[in-house]
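Colleague: Chain by chain, the residues run as shown.
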Amino acid sequence: MRSLQSNGKPKITAKNFNLFYGDFQALKEINVDIPEHSITSIIGPSGCGKSTFLRSINRMNELIPCVKTTGKIFLDANDIFTQDVVELRKQVGMVFQRPNPFPKSIFDNVAYGPRAHGLKNKAVLEEIVEKSLTDAALWDEVKDNLHKSGLALSGGQQQRLCIARALAVEPQVILMDEPASALDPIATLKIEELIQNLKKEYTIVIVTHNMQQAARASDHTMVFNMNPDRSGYIIEYGKTSQIFTNPHEKITEDYISGRFG
Amino acid sequence: MPRETLDSKLTQIQNEIYLLGSMVEQAILDATNTLKTRDLKEAKRIFEEDTVINEKRFALENAIIILLATQQPFARDLRLLAAMLLVVNELERMADYAKGIAKINIKIGKSDIDIPVRDFQKMAEQSVSMLHRSLSAFIEQNPNQAAAIPQEDDIVDELYTKIYHATIQYAITNPSYMDQANDILWIAHNLERFADRVTNICERTIFITTGELMEMSSNDDETDLSDF
Numbered sequence: 000m001r002s003l004q005s006n007g008k009p010k011i012t013a014k015n016f017n018l019f020y021g022d023f024q025a026l027k028e029i030n031v032d033i034p035e036h037s038i039t040s041i042i043g044p045s046g047c048g049k050s051t052f053l054r055s056i057n058r059m060n061e062l063i064p065c066v067k068t069t070g071k072i073f074l075d076a077n078d079i080f081t082q083d084v085v086e087l088r089k090q091v092g093m094v095f096q097r098p099n100p101f102p103k104s105i106f107d108n109v110a111y112g113p114r115a116h117g118l119k120n121k122a123v124l125e126e127i128v129e130k131s132l133t134d135a136a137l138w139d140e141v142k143d144n145l146h147k148s149g150l151a152l153s154g155g156q157q158q159r160l161c162i163a164r165a166l167a168v169e170p171q172v173i174l175m176d177e178p179a180s181a182l183d184p185i186a187t188l189k190i191e192e193l194i195q196n197l198k199k200e201y202t203i204v205i206v207t208h209n210m211q212q213a214a215r216a217s218d219h220t221m222v223f224n225m226n227p228d229r230s231g232y233i234i235e236y237g238k239t240s241q242i243f244t245n246p247h248e249k250i251t252e253d254y255i256s257g258r259f260g
Numbered sequence: 000m001p002r003e004t005l006d007s008k009l010t011q012i013q014n015e016i017y018l019l020g021s022m023v024e025q026a027i028l029d030a031t032n033t034l035k036t037r038d039l040k041e042a043k044r045i046f047e048e049d050t051v052i053n054e055k056r057f058a059l060e061n062a063i064i065i066l067l068a069t070q071q072p073f074a075r076d077l078r079l080l081a082a083m084l085l086v087v088n089e090l091e092r093m094a095d096y097a098k099g100i101a102k103i104n105i106k107i108g109k110s111d112i113d114i115p116v117r118d119f120q121k122m123a124e125q126s127v128s129m130l131h132r133s134l135s136a137f138i139e140q141n142p143n144q145a146a147a148i149p150q151e152d153d154i155v156d157e158l159y160t161k162i163y164h165a166t167i168q169y170a171i172t173n174p175s176y177m178d179q180a181n182d183i184l185w186i187a188h189n190l191e192r193f194a195d196r197v198t199n200i201c202e203r204t205i206f207i208t209t210g211e212l213m214e215m216s217s218n219d220d221e222t223d224l225s226d227f
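As they're listed, the protein sequences go chains A and B. Taking numbering that gives the first Met the number 0, the leading residue of the first sequence gets 0, the next gets one more, and so forth. Taking numbering that gives the first Met the number 0, the leading residue of the second sequence gets 0, the next gets one more, and so forth.
Incorrect hints may have been included.
Claimed, not checked - Okay, derived cross-link-like pairs now, DMTMM-like style, lysine to aspartate or glutamate, Cα gap no bigger than 20 Å in a straight line:
no., chain 1, residue 1, chain 2, residue 2
1, B, K43, B, E60
2, A, K249, B, E3
3, A, K238, B, E211
4, B, K8, A, E129
5, A, K249, B, D118
6, A, K27, A, E248
7, A, K103, A, E129
8, A, K249, B, E124
9, B, K161, B, D118
10, A, K249, B, D29
Honestly, the hints are just simulated from the structure, not real lab data.
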């Protein structure tokens, strides 16, 4: 695999990372640097380990009993597997495919994380809620209805609420697993614009099946593929502008031009 | 093959580009031939029929833009469509040189100036041969074939230089033919520029196959006076 030529300082580094579900190897020898303050998209055919790799970055896979890993993933210089997992997930937030607000008010959804981390001061909480909703491009739409249920919002608003909820604990990295696949095109574009603004403060990694979205919204693109034994690996990783106009690998070319398989 | 629609439309456009190329080849050969026959009616027809080429160019451009919008191509498909946009534009400009020659022919009219017909025909034949092979290379996406063509431009350039010197000499010794000598130089210029543009088509074939935008020869002055 060609490595990414980027001037950005690496925020996330995977070194010889392997992941197994029982006897089945799902990820094979992942070696990658993800630059900070940038948007990196992960694309590739179904079942090649994109989401598995994404979920590895905040150790979500540990919730699955038979998972074991070898190799390392670093957040800055820190080995994430020796870190306290609660602390890690505070630094590495996650947004899922389907918006999943808690059945609580908009305010309580956003304040949930800071409260769980022990914050009780109401004025500080209000400040965090406003900043998080503003950064998630939702504040203007909900500022007069913060007491309303998060579930009463539209799908696109709910997803931005989930982003605000992730931002409220001031993470450094935001992982997004198909964050717009359940949204209409306008709501999708809102999310894409939103993440462009977020990269000033955060490092964003996004798994998407929508290649136009990867092309529009990301700075770098990582292409996963599957070995004959069905384990996932990175076939190519480069600037998005290069991957979508002149990929180096034939498999990438076939995948992005829709001639795969 | 999951992109059958895109592939079949790309093939259609390629065939149409080939056809447009044939029209341009015929136009420049006819325009040069009428310098020999001095058939001014035919020159007028060539001049007027340039609009057919212009219309075909716009139709192709439109078809390419529609494919870009509806098929959202990436990688080689994207490079191919971007290159097609440029090539149809090149072909249209090349046809303008034929139109320009027809216009000059009409302007020379009944003047008895000695037109270097044989050399003009050699320039046209060489240019058409280059164009024909450059379009084959473009459609077959054959970078080796494309890379070999631009150096043949030297043959056209040498003929241009020969005509240039002879015409200047003629004008010096026959000052009353200064105006017509100038016309002769413009015809030579149009044929020389026609061949230069073949190089641009070859560059696009390299771009489609390698993704690299590279200059294959350093053409001199881009001053364009084809429309005379």
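Colleague: Are the hints correct? Go through all of them and say.
Modeller: We went through each hint and held it up to the structure:
Of the supplied pair hints, the one linking K43 (chain B) and E60 (chain B) is violated, its CA atoms being roughly 27 Å apart against a limit of 20 Å. For the suggested pair K249 (chain A) and E3 (chain B), the alpha carbons sit about 19 Å apart, so the restraint of at most 20 Å is met. Of the supplied pair hints, the one linking K238 (chain A) and E211 (chain B) holds, its CA atoms being roughly 16 Å apart against a limit of 20 Å. In summary, the hint linking K8 (chain B) to E129 (chain A) is not supported, as the alpha carbons are separated by about 51 Å, beyond the 20 Å threshold.
With a C-alpha separation of about 48 Å, the suggested pairing of K249 (chain A) with D118 (chain B) is violated against the 20 Å cut-off. Restraint check: the Cα-Cα separation between K27 (chain A) and E248 (chain A) comes to about 18 Å, which is no more than 20 Å; the hinted pair holds. Our distance criterion of 20 Å between C-alpha atoms is met by K103 (chain A) and E129 (chain A), whose separation comes to about 17 Å. Straight-line distance between C-alpha atoms of K249 (chain A) and E124 (chain B) comes to about 40 Å, which puts the hinted pair past the 20 Å bound.
For the hint linking K161 (chain B) to D118 (chain B), the alpha-carbon distance of about 9 Å falls within 20 Å, and the restraint holds. With a C-alpha separation of about 45 Å, the suggested pair K249 (chain A) and D29 (chain B) falls outside the 20 Å cut-off, and the hint is violated.
Comparing the model with each earlier hint shows violations of hints 1, 4, 5, 8, 10; every other hint is respected.
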